[in-house]
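Please model the complete structure; the sequences and the hints are all you need to start from.
Sequential numbering of the sequence shown, starting at 2, is according to the working numbering.
Don't take each hint at face value.
As the list claims (entries may be wrong) - With a straight-line cut-off of 27 Å between C-alpha atoms, the simulated DSSO-like cross-links for lysine-lysine are: (1) K528 / K590; (2) K257 / K304; (3) K631 / K621; (4) K751 / K797; (5) K257 / K884; (6) K657 / K478; (7) K590 / K527; (8) K275 / K215; (9) K85 / K118; (10) K859 / K415; (11) K607 / K586; (12) K28 / K43; (13) K434 / K524; (14) K528 / K581; (15) K43 / K116; (16) K917 / K349; (17) K238 / K877; (18) K184 / K257; (19) K5 / K937; (20) K215 / K288; (21) K349 / K323; (22) K238 / K274; (23) K118 / K166; (24) K797 / K823; (25) K757 / K810; (26) K85 / K238; (27) K486 / K453; (28) K607 / K522; (29) K664 / K453; (30) K40 / K5; (31) K215 / K28; (32) K506 / K576.
As the list claims (entries may be wrong) - Here are the in silico distance ranges between beta carbons for each label pair: (33) D503 / I577: 57 to 63 Å; (34) P244 / P164: 42 to 48 Å; (35) E679 / V568: 53 to 59 Å; (36) S408 / E559: 24 to 30 Å.
Simulated from the structure, these hints should not be mistaken for laboratory data.
Backbone N, C-alpha and C define an ideal beta-carbon position, used for all residues, glycine too.
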Amino acid sequence: MTTKYNRGSEWRKWDLHLHTASSYDYKYKGENSNELLLKSLKDNEISVVAVTDHFVIDKDRIEDLRSMDSDIVFFPGVELRTDKGASNIHPIIIFNENINLSELVEDFNVFKREKAKDKDSNDKIRWDYNDIVDFAQKHDGIITIHAGSKTSGIDEQISNVLPIKIAIKEEYAETVGVFEIGKIEDINEYKTYKFPKIGVRPLILGSDNHDPQKYPNDKNNTIFTWIKADPTFEGLKQILNEPDRVFIGETPELLKRIKIAPTKFIKNITIQKKVESTIDEVWYGDKTSIDINPGLVAIIGNKGSGKSAITDILSICANTHKTEFSFLSQSKFRNPRPYDRSRSFQAKIIWGDDSSTEFISLNNNGSINHPERVKYIPQNYLETLCNVEDDNKFEDEIKSIIFQHLSDENKYGKDSLDDLINYLSGEIKNAEKEILVEIQNQNERIIALEEKQRPEYAEKINSALSLKKEELDNLQKIKPAEVVKPEHSDNGAEQQKQKEIDGLKEELIDIINRIEIEQNKLKVVKKYIVDLGNAKERLERLNATVQTTISDLQSLFEGLELSVTEVINFSIDNKIIDGKINDLKTEEKRILDLLSEENINGLICKKISVESNIKNAENKLSEPDRLYHKYQEELKYWQSKIDAINGKDDVPDSIKYYEAQLKYIAETLETDMQAAYECRRGLIISLLNKKREELNNRAVLYQPVSDFINKYNEILKDYPISIDAVFIFEGVEKLFDIVSHQNSGTFYGKDNGMLKLREMKSSIDLNNDDSIYDFALSINNALKKDLRDESNILDKDIKSQLRKDHSVKELYDFIYGFEYIKPLFELKLDDKKLSTLSPGERGALLLLFYLFIDMDDKPLIIDQPEENLDNESVFKYLVAFIKMAKEKRQVIMVTHNPNLAVVCDAEQIIKMNIDKKNNNIVSYQSGSIENPEINKCIVNVLEGTYPAFHNRDQKYINKK
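Encoded structure:
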């Protein structure tokens, strides 16, 4: 079912002060005056007129005008004169267009005859103002009065000099419904000085036209009174409750926005059953077509009446990316059992420019590859966003709003805030990665030092030292028995043999030394070859990075008429490296050849040959000399073993090495540990400084939103909101992917472990770098000590508390990498974080975020915005915010709350119904609040019938 004005309250031009040839002072009295007047009204697109002739209600003329044009609504009216407070004040009474005109005229004639003074003189006729009020009230009329700069008005005729004059004007205000001003500048005068005293009233600017050939007047043909209402007397009465429904000027802002961006307004939604559908249920039938008002649309109805169906369907036709539907869910219209009803129906939207979408099957969701054409807040969606554990989801919403508020020049050509943040913080992120690598390297060094700090390590060293000393003692016991060097006579032959052996041994020592020298050379050469190869690869990576940077900067520099090659001149000459590598490889080949056992001229073969010669020469010695030489060889071998066991400080597995390690542990380790910790701490502070640079970048980005909020701080004084860029914890619980709850220690037991971590988190000050660092340190210390029993704190081995296949290095990289400290945009109310607010406050805050701060001009569709809010919050905050929202975008909402539909002054009410007993037939009623049928629907659905509302109203004591 539809009403006559089913799209609800719409802006139309109204002229509530118009004369006809029936006025004594009309400038044109020709027989065609009505025709000329109608033409002027049509030419100026006037929809509603109040015929307000001086001191007369001309029934015939009004009926004649109505018969000539049924599109224009004519209110009967009359302009009178009163001497209350002055001699020439002009009030006007406007009557219902459906009033019995004959009875009205008859009563007015009696009123004129019995109550008027000097009734036979048009120049002197006047009434007592109280009589005028009585007559207006008797006929349910609305009194307007000349005011402001309007001639014969209360402000022109009655000065503010004397208190009695001011009192008289205030008496007028008690009975006058509408003030008719003389010029548009009077509006500011009334808003600034009059309304604070008498309350806000509707202001109109009538044409007061007396010549149909010069309509609306001689001075200005562009300024009109626009009223957003049904063109009915009920619509007119609504401006008494909602003065904002009146606009005086060329064009109301809404109509300007529709003209500029018609595709930002939904004009119609059409839902129909598919031709191929075989289901018996009717639902939307062959066609359900609902016209949609461009302002605030409130969809009402009893539970299960199909309200959410309309918002769900609108949103999918407008390609919402949301999938959290109420009606179009798997448990309702898309339920596959007994069959998926949504597959049998389709819908389309007609936009403000009369373009339309294709028919969309109701089983389809929007495509993320195409833009959303509406902002949809489904039922329960706000509750999801209120979940304090899901900071990222809410931050995404904040980001979209922040990006809207940025000027184009501050967007740097980026399409989203994330892209912009990455652009502004790209090099900071690269620096963070480099610092992280250094922190990870330092972690590795610290782990090695901490291993040496453990008592087990010293115990291991002492044990190894004892074993080496025992080995030395055993070796001392098996020192070769001394053989005295034989004394020879002047036996020339024996002396010659000995001299030959000594010479061969000197030659052998020289060969061995040469072999050692060449082997050392080989080590150095091979290392140089590898190091130079690595250096070459590193330089090639550097060159690639530089070339990529040059390429990235090319367009920027060209745009600024700069030459990249003049700014940076970078080159690598790999020929030098290659030449050196070739030289080293030649040297490597020479050494390998010299040490090859297959080279008969090489050192190895020479050594073997000399050793053989020595052995042959020794075999030629006498028995005493041979035994002595054997003893010398055994002693030499034994001494080498002694030397190896004693070793050096830097030779592992030797007595001096172990002694040096114990001395290091006792004297130096602690100093090195503190130096390593301090080095890591310095790196961490550098990392946090980079993160704060990211935070500062975000602070710059949200500043326009803060400026916007501050601009309206008076409106928001009872609801102070702010946006900050802050650090948050996110993902620190991943600690327990590495640390096990099942192993004895501070974090033993899942509940206890999580509680302990939360306690540590609660003490951190995210604005203080030292506090952040101390948090990581406290986790580290909690793994080194079992802190569960304060009276008996025990040392713990970190490795014993880790999960299988996880390492201390992995743990340290997580703790000190601070990936769980992230910059985030945070919305606050009265300086309180979202997580500390009550559900009502959170819901209201989030709705304020969408309704007021969001600058998007796409239609906003909300399913039950009052959900989870108490009635006080709905009235105190939500009403004002929705009113603000509808000033900048189309708002379509499902609601059960009369405050939102009525107090927000919805331009259109759509009352939905589903006849579930009759094949689920969907029906609706649509129209404005002032429409009697719709008004009754509002009372019955939202107020629980008028008797119920009246009963409650009578029981309230203080109604202020």
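Verification of the supplied hints:
1. K528 / K590: 14 Å, holds
2. K257 / K304: 37 Å, violated
3. K631 / K621: Satisfied, since the Cα-Cα distance of roughly 13 Å is no more than 27 Å.
4. K751 / K797: 18 Å, holds
5. K257 / K884: 18 Å, holds
6. K657 / K478: Given pair K657, K478 holds - Cα atoms ~20 Å apart, limit 27 Å.
7. K590 / K527: Since the Cα atoms of K590 and K527 sit roughly 10 Å apart, the hinted pair holds (cutoff 27 Å).
8. K275 / K215: Roughly 56 Å separates the two Cα atoms, so the pair is violated.
9. K85 / K118: 13 Å, holds
10. K859 / K415: 20 Å, holds
11. K607 / K586: Status holds; Cα separation ~24 Å.
12. K28 / K43: The given pair, whose Cα atoms are some 20 Å apart, holds under the 27 Å limit.
13. K434 / K524: Measuring from Cα to Cα gives roughly 35 Å; hence the hint is violated.
14. K528 / K581: 13 Å, holds
15. K43 / K116: Violated, at about 37 Å.
16. K917 / K349: 24 Å, holds
17. K238 / K877: 25 Å, holds
18. K184 / K257: 22 Å, holds
19. K5 / K937: 16 Å, holds
20. K215 / K288: 48 Å, violated
21. K349 / K323: Roughly 18 Å separates the two Cα atoms, so the pair holds.
22. K238 / K274: 41 Å, violated
23. K118 / K166: 23 Å, holds
24. K797 / K823: Cα-Cα ~31 Å, so violated.
25. K757 / K810: Cα-Cα ~22 Å, so holds.
26. K85 / K238: 25 Å, holds
27. K486 / K453: Measuring from Cα to Cα gives roughly 50 Å; hence the hint is violated.
28. K607 / K522: 19 Å, holds
29. K664 / K453: Holds, at roughly 12 Å.
30. K40 / K5: Roughly 25 Å separates the two Cα atoms, so the pair holds.
31. K215 / K28: 10 Å, holds
32. K506 / K576: Violated, at roughly 47 Å.
33. D503 / I577: 57 to 63 Å: At roughly 50 Å between Cβ atoms, I577 and D503 fall outside 57 to 63 Å, so the hint is violated.
34. P244 / P164: 42 to 48 Å: Given about 27 Å between the Cβ atoms, the range is violated.
35. E679 / V568: 53 to 59 Å: 38 Å, violated
36. S408 / E559: 24 to 30 Å: 25 Å, holds
The structure is inconsistent with the numbered hints 2, 8, 13, 15, 20, 22, 24, 27, 32, 33, 34, 35, although it conforms to all the rest.
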